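Visitor: Given chain U, put chain C with the ligands in place with the hints provided.
Line by line, the protein sequences are chains U and C.
In terms of this note's numbering, the first sequence opens at residue 161 and continues consecutively.
In terms of this note's numbering, the second sequence opens at residue 252 and continues consecutively.
So, partial list: chain C residues that the calculated Cβ filter (under 8 Å) puts toward chain U:
| id | residue |
| --- | --- |
| 1 | 306 |
| 2 | 311 |
| 3 | 312 |
| 4 | 331 |
| 5 | 336 |
| 6 | 339 |
| 7 | 344 |
| 8 | 352 |
| 9 | 363 |
| 10 | 364 |
| 11 | 366 |
Treat the hints as calculated values from the structure; they're not laboratory data.
Fair warning: this is a prediction, and the values are worked out from it, not measured in the lab.
By construction, the Cβ of each residue, glycine as well, lies at the ideal position given by its N, Cα and C atoms.
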Amino acid sequence: MLWSTLMLALRAIRRNLMRSFLTILGVVIGVAAVITMVTLGNGATKSVSDQISSMGSNLLMARPGQRFGPGGAAAPRFKLADVEAVRAQISGVAAVAPVVGSAATAVYQANNWSTSITGTTNEYFMAGNWEIANGREFSEAEERSGKAVCVIGDSVRDKLFGQQNPVGAEIRIKQFSCEVIGLLKAKGQSAMGSDQDDTVIMPLRTVQRRLAGNLDINMIMVSVAASASIDAVKQQIELLLRERRHLSDLEEDDFRVLDTRQIADALTGTTRILTLLLGAVAAVSLLVGGIGIMNIMLVSVTERTREIGIRLAIGALEREVLLQFLIEAVALSSLGGLIGIVLAAGASIFLAGLMSVPYIFDPAINLLSFVFSAAIGVIFGYFPARRAARLDPIEALRHE
Amino acid sequence: MSGNAPLIRLADITKTYGAGQAAFKALRGIDLEVARGEFVAVMGPSGSGKSTAMNILGCLDIPTSGHYTFQGVHVEKLSRDQRALLRRNFIGFVFQGFNLLARTTALENVELPLIYRGTPTAVRHAAARAALKQVGLEGWEDHTPGELSGGQQQRVAIARAIVTNPIVLLADEPTGNLDSHTSLEVMELISHLNRDNGITVLMVTHEPEMAAYARRIIHFADGQVDNDAWQQQERA
Ligand SMILES: Nc1ncnc2c1ncn2[C@@H]1O[C@H](COP(=O)(O)OP(=O)(O)OP(=O)(O)O)[C@@H](O)[C@H]1O
Ligand SMILES: [Mg+2]
Numbered sequence: 161m162l163w164s165t166l167m168l169a170l171r172a173i174r175r176n177l178m179r180s181f182l183t184i185l186g187v188v189i190g191v192a193a194v195i196t197m198v199t200l201g202n203g204a205t206k207s208v209s210d211q212i213s214s215m216g217s218n219l220l221m222a223r224p225g226q227r228f229g230p231g232g233a234a235a236p237r238f239k240l241a242d243v244e245a246v247r248a249q250i251s252g253v254a255a256v257a258p259v260v261g262s263a264a265t266a267v268y269q270a271n272n273w274s275t276s277i278t279g280t281t282n283e284y285f286m287a288g289n290w291e292i293a294n295g296r297e298f299s300e301a302e303e304r305s306g307k308a309v310c311v312i313g314d315s316v317r318d319k320l321f322g323q324q325n326p327v328g329a330e331i332r333i334k335q336f337s338c339e340v341i342g343l344l345k346a347k348g349q350s351a352m353g354s355d356q357d358d359t360v361i362m363p364l365r366t367v368q369r370r371l372a373g374n375l376d377i378n379m380i381m382v383s384v385a386a387s388a389s390i391d392a393v394k395q396q397i398e399l400l401l402r403e404r405r406h407l408s409d410l411e412e413d414d415f416r417v418l419d420t421r422q423i424a425d426a427l428t429g430t431t432r433i434l435t436l437l438l439g440a441v442a443a444v445s446l447l448v449g450g451i452g453i454m455n456i457m458l459v460s461v462t463e464r465t466r467e468i469g470i471r472l473a474i475g476a477l478e479r480e481v482l483l484q485f486l487i488e489a490v491a492l493s494s495l496g497g498l499i500g501i502v503l504a505a506g507a508s509i510f511l512a513g514l515m516s517v518p519y520i521f522d523p524a525i526n527l528l529s530f531v532f533s534a535a536i537g538v539i540f541g542y543f544p545a546r547r548a549a550r551l552d553p554i555e556a557l558r559h560e
Numbered sequence: 252m253s254g255n256a257p258l259i260r261l262a263d264i265t266k267t268y269g270a271g272q273a274a275f276k277a278l279r280g281i282d283l284e285v286a287r288g289e290f291v292a293v294m295g296p297s298g299s300g301k302s303t304a305m306n307i308l309g310c311l312d313i314p315t316s317g318h319y320t321f322q323g324v325h326v327e328k329l330s331r332d333q334r335a336l337l338r339r340n341f342i343g344f345v346f347q348g349f350n351l352l353a354r355t356t357a358l359e360n361v362e363l364p365l366i367y368r369g370t371p372t373a374v375r376h377a378a379a380r381a382a383l384k385q386v387g388l389e390g391w392e393d394h395t396p397g398e399l400s401g402g403q404q405q406r407v408a409i410a411r412a413i414v415t416n417p418i419v420l421l422a423d424e425p426t427g428n429l430d431s432h433t434s435l436e437v438m439e440l441i442s443h444l445n446r447d448n449g450i451t452v453l454m455v456t457h458e459p460e461m462a463a464y465a466r467r468i469i470h471f472a473d474g475q476v477d478n479d480a481w482q483q484q485e486r487a
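Same shape as in the complex, but just chain U (with noise of 0.2 Å):
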């Protein structure tokens, strides 16, 4: 009985193809709709998250000022001796690295080009998660004496030197000239969209006596161990700081420790919340989509109702007739379904290439929308016919 149904069905949906067509239409364009924006939201999280990773991760960064209004200026800075201290009384640290920071225009030959100079000491490239991929890291003795050297970032290398190899060459900064020593690895842009790779890295010394003309410290970065728990990290900090800087109980601290993993989670808090609000709009879409197949399916029962009377007068039973409805509308809705899987998985790659973000294809938002649009043609395909099937045969013959 299964079978003849199911071909009573398969007949029907043939006889009718303007209309099945219509009805695939709707939940074709609600999943492929919901399944590319659940997938470009994906992405957009991975690349986010992706991004924040090759900052460093478990990084924490401590910068004098006050979390909340004015008067940050008017805080102390941060001597090398505070980082000295992180290093020796605080556990569960990785690396621990002093930063100045300064902007200067590189010049090589004829090119210049203005970028970010850090001042710092090889733990920098430790706790940020830089790999050096030509040349070396600084010598002892290049910290030591705040020597003129440098290492560059990617963006700099090709700006100053194309495709030429920068590691010896000496470029001029302000009135100082300067030898690279070593080309980080490129990473691309930050979390935020700046150009990550846009840097010069330089000894902590050479930058103070040089750039800065001070002993000042901007920024105290610290790398977690693995092993030890961030936030206990991070209070031991807070503490430790809180002490150097002989702030009292009633005062607020005038500096702040960031985390990395905050500015991840609020990253891709945000990203998130956008791929549930692009998948809500799409959802309705869908909703959409499945009132047009009730609408339909109202249309067609109403048009068919003569033809369930007929097949109830010749013998039919109530539920072969509504079977063969339910299984119509099922075929109908899950045919439009896997049409929508196959072009939202179209459109996801498309569009992940012209934006950029990783396309990664997310079996659960590709079931769910399919099981669904599968529902839909059962519940909006199979009460309207049962409303139907339950005449007596002779009202629905007489049905006009």
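Guide: Chain C with the ligands alone, transformed into the frame defined by chain U:
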């Protein structure tokens, strides 16, 4: 179900359409017995309740009151599904208005009752073709109702009613849309089915020539049986 019991027995059947002020009594107490193998013509003016009675006999509709016994079974006590099975297995019905599936070929229309009986495809095709041939529609199998004349549609409807080889054939004006030549052909077919296949036939008609094929003529008037008479068989 004893051997002598009539195939069909109606006892004081009434049918009222609508309710209250608008109520209309289409049947006002029908008593009728039809034995196995009979050929009965039902005549009467338009609106006298012939189709209403046929629908009840065909288990398509239920009477407002009274008893209907088919093969010894009390039809009014059956469930919807049981009545559907009676229709499926024992009754062939030709509607006054054909009632064919639109956009469906003649062959598929005729096959339909066999599909619900679960007849295997090959047997089904053969039986449907044979039935269409019997009603003179050989070669028209692939035409849809829209491509057939009224008379041809009528014959497809007859083919669909006889393809299951039913015990009883209920035909509501089966020649109503046919020219006299085709009408006679259809009547020959029906009396052949009655005589040689032993199918009990009840047929509504307005035309005395068609009624003449039957051995018994029942006259309806105002929802009641007015006259019920056996007649001499004129044609052998
Ligand atoms: N569904 C209905 N609702 C209300 N009245 C109905 C309904 N069906 C039939 N009637 C009425 O019942 C009466 C009998 O109708 P029926 O169709 O049985 O007549 P008939 O004898 O078959 O007529 P005809 O020869 O024209 O086919 C008619 O007066 C008709 O108007
Ligand atoms: Mg009638």
